[in-house]
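Chemist: From first to last, the protein sequence lines are chains A, B and C.
Position one of the first sequence corresponds to residue 1 (this note's numbering), numbered consecutively onward.
Position one of the second sequence corresponds to residue 1001 (this note's numbering), numbered consecutively onward.
Position one of the third sequence corresponds to residue 2001 (this note's numbering), numbered consecutively onward.
Derived from the structure by calculation, the hints contain no laboratory data.
Heads up, the beta-carbon is just placed ideally off N, CA and C, and yes, glycines get one too.
Check each hint, because a few of them may be wrong.
[Claimed, not checked] Chain A is faced by these chain C residues, among others (derived, beta-carbon under 10 Å):
no.	residue
1	Leu2074
2	Asn2078
3	Ser2079
4	Gly2086
5	His2090
6	Met2102
7	Ala2105
8	His2193
9	Val2197
10	Val2200
11	Ser2204
12	Tyr2207
[Stated by the list, open to error] Computed spacing ranges between beta-carbons, pair by pair:
no.	chain 1	residue 1	chain 2	residue 2	range
13	B	His1381	C	Leu2116	53 to 61 Å
14	C	Ser2046	B	Gly1134	27 to 35 Å
15	C	Gln2171	B	Gly1134	20 to 28 Å
16	B	Gly1021	C	Tyr2023	43 to 51 Å
17	C	Phe2159	B	Lys1025	36 to 44 Å
18	A	Val6	C	Gln2171	56 to 64 Å
19	A	Val21	B	Thr1193	29 to 37 Å
20	A	Ile5	B	Thr1309	21 to 29 Å
21	C	Ser2046	B	Val1371	26 to 34 Å
22	C	Trp2062	A	Leu24	30 to 38 Å
23	B	Thr1193	C	Gln2171	44 to 52 Å
24	C	Phe2179	B	Pro1150	33 to 41 Å
[Claimed, not checked] Quick list of in silico lysine-lysine cross-link-like pairs, DSS-like style, CA-CA up to 30 Å:
no.	chain 1	residue 1	chain 2	residue 2
25	C	Lys2103	A	Lys28
26	C	Lys2132	A	Lys32
27	B	Lys1240	B	Lys1346
28	C	Lys2097	A	Lys65
29	B	Lys1426	B	Lys1025
30	A	Lys28	C	Lys2132
31	A	Lys32	A	Lys42
32	A	Lys65	B	Lys1426
33	B	Lys1286	B	Lys1240
34	A	Lys42	C	Lys2132
35	C	Lys2181	A	Lys65
36	C	Lys2181	A	Lys32
37	A	Lys65	C	Lys2103
38	B	Lys1240	C	Lys2132
39	C	Lys2132	A	Lys65
40	A	Lys32	C	Lys2103
The chain contents come next:
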Amino acid sequence: MDHTIVVERTIAIVFGIVVLVTALVALKNDWKTPGLENHIFKLMLALLALGGLLGTLAGIGIIGKA
Amino acid sequence: MAVAAVHAGGIADHIHPEPEGFIRKYVFSIDHKIIGIQYLVTTFMFLVLGGMLAELIRVQLMNANGGFMTPDTYNEVYSIHGSTMVWLVIIPMLTGAFGNFVFPLQIGARDVAFPWLNMLSFWLFPPAGLMLYGSFLMGAPAAGWTEYPPMSLQGQAGTSMWCAAIFLVGVSSTLTGINFLVTLLKMRAPGMTYTRMPLFCWAQFVTAPLLMIATTALGAALAALFVERQFGVPFFDPTKGGSPLLWQHMFWFYSHPAVYIMILPVFGIVSEVFPTFARKPIFGYKMIAFSSCSIAILGFMVWAHHMFTSGMAPFLQLPFMVLTMLIAIPTGIKIFSWVATLWGGKIHFSTAMLFAVGFIATFTLGGITGVFLAAVPFDLHAHGTYFIVAHLHYVLVGGSLMGVFSGLYFWFPKMTGRLMSEKLGKWTFWLFFIGFNGTFLPMHNMGLLGMPRRVAEYDPQFQTLNRIASSFSFLMTFAILLIIINALYSIKNGKKCGHNPWNARTLEWQIPSPPHYYNFKHIPSVFANPYDFNEPLPYRGLEDELTDAPPPVPAAAH
Amino acid sequence: MAVASSLLSTPVTHGHDDADQLYIETRELRVQGFLLFMVSDLVLFSSFIFAYLYLRNTGQGWPPPGAPHVDIWLAAMNSVVLFGSGATMHFALENWKHRNFMKFASWMVATIVLGLLFLGGQGVEYVSLYTKDHASWGGSGIFGASFFTLTGMHGFHVFVGVIYLTVLLLQATAGTYTFSKYTGLTLGTLYWHFVDVIWVVLFSIFYLL
């Protein structure tokens, strides 16, 4: 049981950081693209970054019901 | 200023080959005009069914001690009557029938953005209607068209059918909303900026987001009710932690915008009828267009005015009261604009014009009683009484249905190439107008005197008023039947009238009646709004439309 | 074409042929239509989210008595798996735009696998809630009503998405898309990101609040 939790939390933190960084880099690279469709993509990348951040913080235990 | 992105060589000139065979042409058609007529026929059939249920109600109510229906049956009758009229008649008629047929022609397009989706939208609709009426076979829903829990939780199996049927028709509506919105955003003819669109297009333009957004919220509520009834998932049952008030919030968040879905296209219809038959530009084009936008937006913010007596948090009453009263402002702007359009005009009282002018009278009355009801102290007294029934029928029948009839007489010549009988039309208008007012005007009194709604038997003090209402209702029903007979008869025997019997100026009147399957031989370009009666028509490229010249070679099938 | 020359007054743009023009215009329609569909899907989720927040705040306190406690660690891991699939999908589309089919396909497979892993994780969570806490859709009060409805709806959207992406991958392999005309792939990416973003909201309101 404890071993499972360690694995879960590690994956949450590691993947979370990966997703956060990837999303932010992608956002920066695509910042100047024009058009409604690209704006929607940028919004969703930003929210994806937020998701990665929340996943990381939850894995650490700062937020969420432990 | 956004000019539509349609140029020569693209969608504009891309004419598909004509569909062949009866099934492709008239049954599973992707042509917006055929789909529009399919909606028109189907909604009129449901109008007859819903109207028969209404007459059952009026006959029952002729006697204070009840008539021929048990109270349980009576409950089922008015529940299906309301559900039919809202979801199977007015909404599909205004959006699916008139919307589909007219506005793509008015914007100079060959069809809507997603013709196959349009066909799917239509074909979801009759099965949904059949499901709704099928519920009579298993115990129809009996808690009104609003199906509040806990009563709807306890209803018979037909209530679950109702959930499924309305969900299905909601999917149809949502897809139509998406379709119309993309069409209006992207497929207007070259030169047709937003402020050169006919006002009927503006009306569909602001109604489409309502269809898309509000209907989905209803779908969620219906799904929740369905799974609660079938699988015991507790959203609304207070004994299991749910809240009946939650249903009311979810339901009315949709159903209030729904009433704007039921009236905004009518505002568009009369905005076309008035300038045409007064031979004058519409007064306040931009005010009418932008007030439609504000009505659509404000319409999302007022739902709890249906819940003043529900036990919701009292602090919510004042804001909803104020917001509701605010909607009277853009609505009033429109009414004054229409009246100003008529002022000093050379008025021709065709039947379409009679219904439009009658609409102003009855809709205004209904709107005024709406402002009364917005005031919380008044609503606390009038809620759940016949005053509400009077208000809602004045705006939905005196408003929406009269607008529908105006549109029918106006656009029937475009759909068929023949006029409906104007002589019969005038008789039916007056029969309808007198019948309608005689039916619903007494209901204001009944309500204020304290007669509750949705009751099969009532205190004898109300009997005289009820009998008056019932008697006049037969006139109204007879008038509606005459309209249908007029339409059916005129399809083959009406006076032939050419492409523009009303001398109107919007694009649909510049092509043959009925239009060819490809609408326009060449997509015209537009350089002004169509309401300037002193000027020549603001279009270029229409020279070939009324001639026998063949259309450009249809693109090879791909 | 005879058509173009007979349009005396409409401005005619040359420079690409009719088929390209048709593609560009229908692409605009399809993208707009898809975005509007996503808006209506958002309204669907918002309605149920409203219902959850309403039920949570009326009366009995949260979690309601007898409701199971959710496993934050499993959920956090599962969430980043899904978010990761969003990142891999982004890479897939980028590689298509850079005309690299093999990398596109690899990232697509990664996305589909991560999506399936997410669904598996959800399944594990549901089974664990059922076996340990006897939690069920209809039998767990308003917790069951809101949690299983919302996560279930979302899971269904992920399931449909996995099928959708698989079909897109097969189509791309079969040559349906070119490196300059790939609207279907763009729309699939939009859908997948949408499903991801909904999960950001659901994860927050069920596990973090």
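Chemist: State for each hint whether it applies.
Modeler: A quick look at each hint next to the structure:
Using the Cβ-Cβ criterion of 10 Å, the hint placing leucine 2074 of chain C at the interface with chain A is satisfied: the shortest such distance is roughly 6 Å. With 10 Å as the threshold, the beta carbon of asparagine 2078 of chain C comes within range of chain A, its nearest partner Cβ sitting at about 9 Å, so the hint holds. A hinted interface residue such as serine 2079 of chain C counts as satisfied when its beta carbon comes closer than 10 Å to some beta carbon of chain A; here the least separation is about 5 Å, so the hint holds. This hint holds: glycine 2086 of chain C has a C-beta 5 Å from the nearest C-beta of chain A, less than the 10 Å allowed.
With 10 Å as the threshold, the beta carbon of histidine 2090 of chain C comes within range of chain A, its nearest partner Cβ sitting at about 6 Å, so the hint holds. Interface hint at methionine 2102 of chain C: violated, since its Cβ lies 20 Å from the closest Cβ of chain A, which is beyond the 10 Å cut-off. The interface hint given for alanine 2105 of chain C is violated, since its Cβ lies 19 Å from the closest Cβ of chain A, which is over the 10 Å cut-off. For histidine 2193 of chain C, the suggested interface contact is upheld, since its CB lies about 4 Å from the closest CB of chain A, less than 10 Å.
Given hint, valine 2197 of chain C at the interface with chain A, holds; its Cβ is 5 Å from that chain's nearest Cβ, closer than 10 Å. For valine 2200 of chain C, the suggested interface contact is upheld, since its CB lies about 4 Å from the closest CB of chain A, less than 10 Å. Hint status for serine 2204 of chain C: holds, given a least beta-carbon distance of 6 Å to chain A, under 10 Å. With a least beta-carbon distance of about 5 Å to chain A, the hint placing tyrosine 2207 of chain C at the interface is held under the 10 Å criterion.
For the pair histidine 1381 of chain B and leucine 2116 of chain C, the supplied restraint of 53 to 61 Å holds, since their beta-carbon distance comes to about 60 Å. Restraint check, serine 2046 of chain C to glycine 1134 of chain B: a C-beta distance of roughly 32 Å satisfies the suggested window 27 to 35 Å. As the Cβ distance of glutamine 2171 of chain C to glycine 1134 of chain B is approximately 40 Å, the hint placing it in 20 to 28 Å is violated. Between glycine 1021 of chain B and tyrosine 2023 of chain C, the C-beta spacing of about 29 Å breaks the proposed range 43 to 51 Å.
Between phenylalanine 2159 of chain C and lysine 1025 of chain B the CB atoms are about 39 Å apart, so this pair conforms to the stated range of 36 to 44 Å. Distance hint check: the CB atoms of valine 6 of chain A and glutamine 2171 of chain C are about 41 Å apart, inconsistent with the given range 56 to 64 Å. For valine 21 of chain A and threonine 1193 of chain B, the hinted distance range of 29 to 37 Å is not satisfied, since their beta carbons lie about 45 Å from each other. The hinted window of 21 to 29 Å between isoleucine 5 of chain A and threonine 1309 of chain B is violated, with their beta carbons roughly 52 Å apart.
Roughly 30 Å separates the CB atoms of serine 2046 of chain C and valine 1371 of chain B, a value that falls within the hinted 26 to 34 Å. One distance hint, 30 to 38 Å for the beta-carbon pair tryptophan 2062 of chain C and leucine 24 of chain A, holds here, with the actual separation near 33 Å. For the hinted restraint 44 to 52 Å between threonine 1193 of chain B and glutamine 2171 of chain C, the CB-CB distance of approximately 38 Å leaves it violated. Phenylalanine 2179 of chain C and proline 1150 of chain B have their C-beta atoms about 59 Å apart, which leaves the hinted 33 to 41 Å range violated.
Between lysine 2103 of chain C and lysine 28 of chain A the CA atoms are separated by roughly 22 Å; this keeps the pair inside 30 Å, and the hint holds. Annotation: proposed proximity of lysine 2132 of chain C to lysine 32 of chain A is violated, straight-line Cα distance about 51 Å (limit 30 Å). Restraint check for lysine 1240 of chain B and lysine 1346 of chain B: not satisfied, since their Cα atoms lie roughly 66 Å apart, outside the 30 Å limit. Annotation: proposed proximity of lysine 2097 of chain C to lysine 65 of chain A is violated, straight-line Cα distance about 42 Å (limit 30 Å).
For the hint linking lysine 1426 of chain B to lysine 1025 of chain B, the alpha-carbon distance of about 34 Å lies beyond 30 Å, and the restraint is violated. Restraint check: the Cα-Cα separation between lysine 28 of chain A and lysine 2132 of chain C comes to about 45 Å, which exceeds 30 Å; the hinted pair is violated. Among the hinted pairs, lysine 32 of chain A with lysine 42 of chain A is consistent with the structure: their alpha-carbon atoms are about 10 Å apart, no more than 30 Å. A threshold of 30 Å between alpha carbons decides the hint, and for lysine 65 of chain A with lysine 1426 of chain B the separation of about 71 Å lies outside it, so the pair is violated.
In summary, the hint linking lysine 1286 of chain B to lysine 1240 of chain B is not supported, as the alpha carbons are separated by about 52 Å, beyond the 30 Å threshold. With a C-alpha separation of about 41 Å, the suggested pairing of lysine 42 of chain A with lysine 2132 of chain C is violated against the 30 Å cut-off. Simply put, lysine 2181 of chain C and lysine 65 of chain A have alpha-carbon atoms about 47 Å apart, too far for the 30 Å limit, and the pair is violated. Pair hint lysine 2181 of chain C plus lysine 32 of chain A holds up; C-alpha atoms about 21 Å apart against a cutoff of 30 Å.
For a cut-off of 30 Å, the pair hint linking lysine 65 of chain A to lysine 2103 of chain C is broken: about 39 Å separates their Cα positions. For the proposed pair lysine 1240 of chain B and lysine 2132 of chain C, the alpha carbon gap of about 21 Å is at most 30 Å, so the pair holds. A distance of roughly 18 Å separates the Cα atoms of lysine 2132 of chain C and lysine 65 of chain A; the hinted pair therefore holds under the 30 Å criterion. A distance of roughly 25 Å separates the Cα atoms of lysine 32 of chain A and lysine 2103 of chain C; the hinted pair therefore holds under the 30 Å criterion.
The structure does not agree with the numbered hints 6, 7, 15, 16, 18, 19, 20, 23, 24, 26, 27, 28, 29, 30, 32, 33, 34, 35, 37 stated previously, though it agrees with the rest.
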